[in-house]
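One line per chain: the protein sequences are W and H, in this order.
Per this note's numbering, residue 1 is the first one in the first sequence, and the count goes up by one each step.
Per this note's numbering, residue 1 is the first one in the second sequence, and the count goes up by one each step.
Derived from the structure by calculation, the hints contain no laboratory data.
C-beta: ideal position from N, C-alpha, C; glycine also.
Be careful, since some hints might not be right.
[What the hints assert, rightly or not] Per the computed footprint, the stretches of chain H lying under chain W, defined by three or more beta-carbons under 8 Å from a beta-carbon of chain W, are:
| id | segment |
| --- | --- |
| 1 | 64–78 |
| 2 | 242–254 |
| 3 | 321–332 |
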Amino acid sequence: MRAPLATLCLVLMWNAPFAADESDPYSVAVVRSLLSLPPGTSFGVSEKQNERLGDRAAIATLKLFDEADLTRPETIRKLLPVLRDSFSYPQLISIAEDRRPAVTLFLLHYLERNAPDPALKKEITAVEVFIKAKTEGKAQQQ
Amino acid sequence: MLARKLFVALVALFLLGGCLVDHSPSLGGAQTNSSCCGGGSAVGLRELDFPYYSLREGFSSQLNLVSDSPHPIDLTIAIYSQRGNSVLATMSIQPNAKLPIDLRALLTQLGADANGEFGEGSIAVHFEGTIMPVVGQVTLTNLALRLVHESEMVENDPGRTDIPPILNGLWWNLAPGRDARIMVANMSVMTVTADCASWYYNPRNHPPCQCPADTSGTTSSTVTVQVPTSLRVVSVSVLPTGTSGDYGCTPSGDYGIKVKITYQVLDQNTRAIQSSLMEPQEEVTGFYINGVPQPNPTPNWAEIGPTRISGTSQFTNPSGQFVDAPYGFCYPTVSFTSWTQAISTLVKGQRYTVRTNSISESSSSQGHGSITNNSDISKSR
């Protein structure tokens, strides 16, 4: 378990120089705000922020949660829409490097392996499929 | 004397906006990834300024552009009169092509008065591309006077400019019956006080020179330009429920409302600022859902566009308008929300706060909702 997380941290370090906002380079505050919205709600201002994140949403997630948090179904269910919406419109992602879902797919794979319930695993896989479909062409271009 | 009258135009461009260019990543980061010279291949909005053209007193002026890009480039050409009014034209320059534009013909085609207000002025060429794929000059010709001279280009891009804070001009052979003219063109969108110093030396007055009081002088002039000061709501339309296209709420969260707002940036005299160099940003605070405070959704200033909604963009369009959408809140049940939105425009690193919206929104049943700032934004569905 530690090896994948260590690799993940390396990926994080690789992404650090591409940060958009100097005061919140990993968009942690934005993701925290997105996760605090009640389930099923949609705020236009937050929606814009979410769609510009791309891979940064997963990076912020790793800053916000520890290993134990990332195995809790309620945490995973909150995370999935944020990770999904981060790649809904890849052309809106503000940093080109974040259009490649490297950290996101790594995180989803980790969540899927550690999710306790099969239904949740299916939800995670669905998000993974969605993101791959959205970014396949883009990744090839880069 | 009239026969010998020679018009000598010395064009000096005092573009103090160039001094104020912010080389910080906040402006240049996403667009150029470089503060100066390293981002040569980044695509961004570019502006070329030509500080002077004249169609007066027998002069004709031709704008000559040349592209070394392998792709066609769409251009927006803004021609400014001396009073600062402008007319816009759009055209394309083909790959590696030259594009000569006769300014009298273009102004006539645009319905501008080439013999009156637009008889002389300046030109700005806007396009999207890498650093300097298009360059050019304005050639001013007067056949009767057998005179040809150029109004040279200066690059005036956000985050990068080649305009120094002090511009010098040199001319010689001023003799009785000859005129000199200094044009001061302010191509920024802010008020600039420029010191226009003109020194006239006596013949053979060689260093160490003395400038007799009657042949030297300094003049100052203030060039007043438009400063982003406020926003006017041009239109507000409701975004329909859906999951594709320009949708607002989704079928699974169809309480509330989302709208599309078009704003016009106004100056200190409530006149429209026709510039595509303004970057609208927002900061949202005081966000409540059903009376419960929420974390700030934009902890820092964030770009209003582009978004998934058509018509949104990072910068204002050439008319100085921009779209804020999707704007509003949708919930899966009856709720009410409120928030405060500050809107600013960033111009070459300088921020101008132009509006604060105190919004309240509510919904009492599915498919319905209303939003208002108790002023010029009010919409229901």
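Which numbered hints are broken by the structure, listed smallest first?
1
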